[in-house]
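With chain A held as given, fit chain B onto it using these hints.
Chains A and B are the protein sequences, given in the same order.
According to UniProt numbering, the first sequence holds residues 1 to 326 in order.
According to UniProt numbering, the second sequence holds residues 1 to 343 in order.
Accuracy of the hints is not assured; some may be wrong.
[What the hints assert, rightly or not] In the BS3-like style, the derived pairs of lysine-lysine whose C-alpha atoms are separated by at most 30 Å in a straight line are:
#1 B:K134 with A:K39
#2 B:K319 with B:K91
#3 B:K319 with B:K304
#4 B:K167 with A:K47
#5 B:K7 with B:K288
#6 A:K39 with B:K167
#7 B:K304 with B:K31
#8 B:K196 with B:K264
#9 B:K134 with B:K167
#10 B:K91 with B:K304
#11 A:K47 with B:K134
#12 B:K3 with B:K264
It should be emphasised that the hints constitute simulated quantities derived from the structure, not laboratory data.
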Amino acid sequence: MAELAYWEALRRAHDEELAHDPLVIAMGEDIGVAGGTYKVTLGLYDKYGEERIIDTPISENSYTGIGIGASMAGMRPIIEIMSINFALLALDTLINAAAKIHYMSGGRVQCPIVMRTPGGTAHQLGAQHSARLSRLFMGTPGLRVVTPSTPLDAYGMLKSAVRCNDPVIFLEHESMYNLKGEVPDEETFRPLEGAEVVREGTDITLIGYNYSVHWCLAAADRLAQEGIHAEVIDLRSLKPIDRETIRRSIEKTHRVLVAEEDEAPVGVGSEVIAGIIEDCFFALDAQPVRVHAADVPVPYNYSLEKAAIPDVKDVYQSALKVLGKV
Amino acid sequence: MKKIDRKRLLREMVFFRRFEDRAFEAYMERKIGGFLHLYSGQEAVATGVLEVVQAEHGVGFDYVITGYRDHIHAIKAGAPAQEVMAELYGKETGSSKGRGGSMHIFDPSVRFMGGYALVGQPFPLAAGLALACKHQNEGRIAVCFLGEGANNQGTFHETMNMASLWKLPVLFVCENNRYAIGTAIQRSTAVIDQYKRLEAYNIPASQHLGQDIEVVMEAAQPAVDHVRSGAGPYFLEFLTYRYRGHSMSDAGAYRSKEEVAEWKQQDPLQILAKRLIEAGELTEEEFKAMEQAVQDEIDNDIIKFAEESPEPKVADLTKYVLDDNPDPRWIGPLQAQGGRQHG
Numbered sequence: 001m002a003e004l005a006y007w008e009a010l011r012r013a014h015d016e017e018l019a020h021d022p023l024v025i026a027m028g029e030d031i032g033v034a035g036g037t038y039k040v041t042l043g044l045y046d047k048y049g050e051e052r053i054i055d056t057p058i059s060e061n062s063y064t065g066i067g068i069g070a071s072m073a074g075m076r077p078i079i080e081i082m083s084i085n086f087a088l089l090a091l092d093t094l095i096n097a098a099a100k101i102h103y104m105s106g107g108r109v110q111c112p113i114v115m116r117t118p119g120g121t122a123h124q125l126g127a128q129h130s131a132r133l134s135r136l137f138m139g140t141p142g143l144r145v146v147t148p149s150t151p152l153d154a155y156g157m158l159k160s161a162v163r164c165n166d167p168v169i170f171l172e173h174e175s176m177y178n179l180k181g182e183v184p185d186e187e188t189f190r191p192l193e194g195a196e197v198v199r200e201g202t203d204i205t206l207i208g209y210n211y212s213v214h215w216c217l218a219a220a221d222r223l224a225q226e227g228i229h230a231e232v233i234d235l236r237s238l239k240p241i242d243r244e245t246i247r248r249s250i251e252k253t254h255r256v257l258v259a260e261e262d263e264a265p266v267g268v269g270s271e272v273i274a275g276i277i278e279d280c281f282f283a284l285d286a287q288p289v290r291v292h293a294a295d296v297p298v299p300y301n302y303s304l305e306k307a308a309i310p311d312v313k314d315v316y317q318s319a320l321k322v323l324g325k326v
Numbered sequence: 001m002k003k004i005d006r007k008r009l010l011r012e013m014v015f016f017r018r019f020e021d022r023a024f025e026a027y028m029e030r031k032i033g034g035f036l037h038l039y040s041g042q043e044a045v046a047t048g049v050l051e052v053v054q055a056e057h058g059v060g061f062d063y064v065i066t067g068y069r070d071h072i073h074a075i076k077a078g079a080p081a082q083e084v085m086a087e088l089y090g091k092e093t094g095s096s097k098g099r100g101g102s103m104h105i106f107d108p109s110v111r112f113m114g115g116y117a118l119v120g121q122p123f124p125l126a127a128g129l130a131l132a133c134k135h136q137n138e139g140r141i142a143v144c145f146l147g148e149g150a151n152n153q154g155t156f157h158e159t160m161n162m163a164s165l166w167k168l169p170v171l172f173v174c175e176n177n178r179y180a181i182g183t184a185i186q187r188s189t190a191v192i193d194q195y196k197r198l199e200a201y202n203i204p205a206s207q208h209l210g211q212d213i214e215v216v217m218e219a220a221q222p223a224v225d226h227v228r229s230g231a232g233p234y235f236l237e238f239l240t241y242r243y244r245g246h247s248m249s250d251a252g253a254y255r256s257k258e259e260v261a262e263w264k265q266q267d268p269l270q271i272l273a274k275r276l277i278e279a280g281e282l283t284e285e286e287f288k289a290m291e292q293a294v295q296d297e298i299d300n301d302i303i304k305f306a307e308e309s310p311e312p313k314v315a316d317l318t319k320y321v322l323d324d325n326p327d328p329r330w331i332g333p334l335q336a337q338g339g340r341q342h343g
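Excised from the complex, chain A in its bound form (with noise of 0.2 Å):
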């Protein structure tokens, strides 16, 4: 088994869809001869030449319409679009005819197309270079979205998001391009629906998707200095939400946490915990937190921004305040 950085599992996920499939193609800005800002595509270029690695103008509307019309007639096409900031402005194409376009047909036209994207805040990029965006995809009917967190769900999440007949949603994050983890040599593929427990515990359960797992993590250790065992849940895909998995770990430790980067307004916290109070409200012996984004544009200044975002201290205090241990 090799340890991949998150950007090589995708890539690694590329090079296998392209070969598997002549029907699959690549699309974005930069993806091409420059590799990719994010390396996602390096080399891919030079192995399957500009008819499948399509380098685009800057025009994300337009060069998303085109991947949905060219996998309405059987293409597969994986779009890039460099900053999920930039995705907003393909979300007429996204919301309004990839989502909408096999329904509409009386599920006589589908739209295989896979959206890849990074959002959250990095260093210092400011407003319109950090946005996270989930909710504004989750609550659209007919689109997946997943949040892989790891190398290994990076990777075996865009195979099955290329073979999958529905448009998906495929939220990175421009901090977890580096992140290492072990990735098995042979083909694997992760499903695009289900929650995962990524840690076993007893006294509380904290749910975070993609960049805030590891926020999660972190603050479980911590807590497990102090003799508190915390479950954690990877979401894993916001679309369909695994109600599932989070109401049998709540019915196990009783108390729960949402973590996100996104900011709370209409977030994916309030979500997760609506479903909640709906699935297993008698078994919760403390209220739901959440952890989340001040609701500000995002600040360049380091220290406005660091206070704007959340991190594993805010998850390790929050969690304390749920035991009702501060």
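Chain B only, in chain A's frame:
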């Protein structure tokens, strides 16, 4: 070009006119809901262009896509007229099983890839269909019909740039009916002649009158040949006119009676009928009989089918949101596959 069967083309256009008239009546009877954008007055464009596109490979070989004024494009592309009318009625037998409605007719069995209610959205989708045609290399092209109002969307400019850069086999057909919803072209568009805008994208383009189907076909032939040869996109602009308002909710008060009457002097059905009668290929009586036969066919066959078709089942409300038969190997759920435990 194959010898043109002008009588058949006339009958098709008479059928398209009557189809829209009958849809208008059904809307007034509240049997059709939502928005209804009718095509009457513009018949020569879709009929003529698609006749040329289909001449070589037949119906359903190439991809066709358009905006919300889509009934006639769908039928000419090969979608059964019964199913198009049933879709307007919202029935399970409709082209989109009642889930799409007037603006979202789909028939992938003849590669009619939809009508879209977002102005300008079909431009990139058409280019994408053309990209797939290029990859699959089976000689297909994509044909995109849109009104001139769509040309003021960003998608027009973005798509023309990429279609030209990548030499995509796509034919853009601009149906310039002078009004973007209710705003006249001279009040919304800095360049009145749409074909001139394509110079900026290095795409060959030409402008023609769109009321005489023979003029339309003559203009379309070299454009289709150009696209099919692999030389890249072509942009055809046809000057035409819709007789009714933008949709059923629009009485068209922004236009003068004189203007409408003037365009009706160039009615595409009358132009062709008159020519055939003068050439001795058709008598007045035969033309009247043709109109009656079409009317009977639409009433007895098309409307009857739509009215007698079943409604979609409410129990099927959530069908077609996602793939109805997803492959569990890719989809999951994780737990059923023995999710990996770590940490």
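Verification of the supplied hints:
| no. | hint | verdict |
| --- | --- | --- |
| 1 | B:K134 with A:K39 | holds, 28 Å |
| 2 | B:K319 with B:K91 | holds, 15 Å |
| 3 | B:K319 with B:K304 | holds, 27 Å |
| 4 | B:K167 with A:K47 | holds, 22 Å |
| 5 | B:K7 with B:K288 | holds, 13 Å |
| 6 | A:K39 with B:K167 | holds, 28 Å |
| 7 | B:K304 with B:K31 | holds, 12 Å |
| 8 | B:K196 with B:K264 | holds, 27 Å |
| 9 | B:K134 with B:K167 | holds, 9 Å |
| 10 | B:K91 with B:K304 | holds, 12 Å |
| 11 | A:K47 with B:K134 | holds, 20 Å |
| 12 | B:K3 with B:K264 | holds, 28 Å |
Checked against the numbered hints above, the structure violates none of them.
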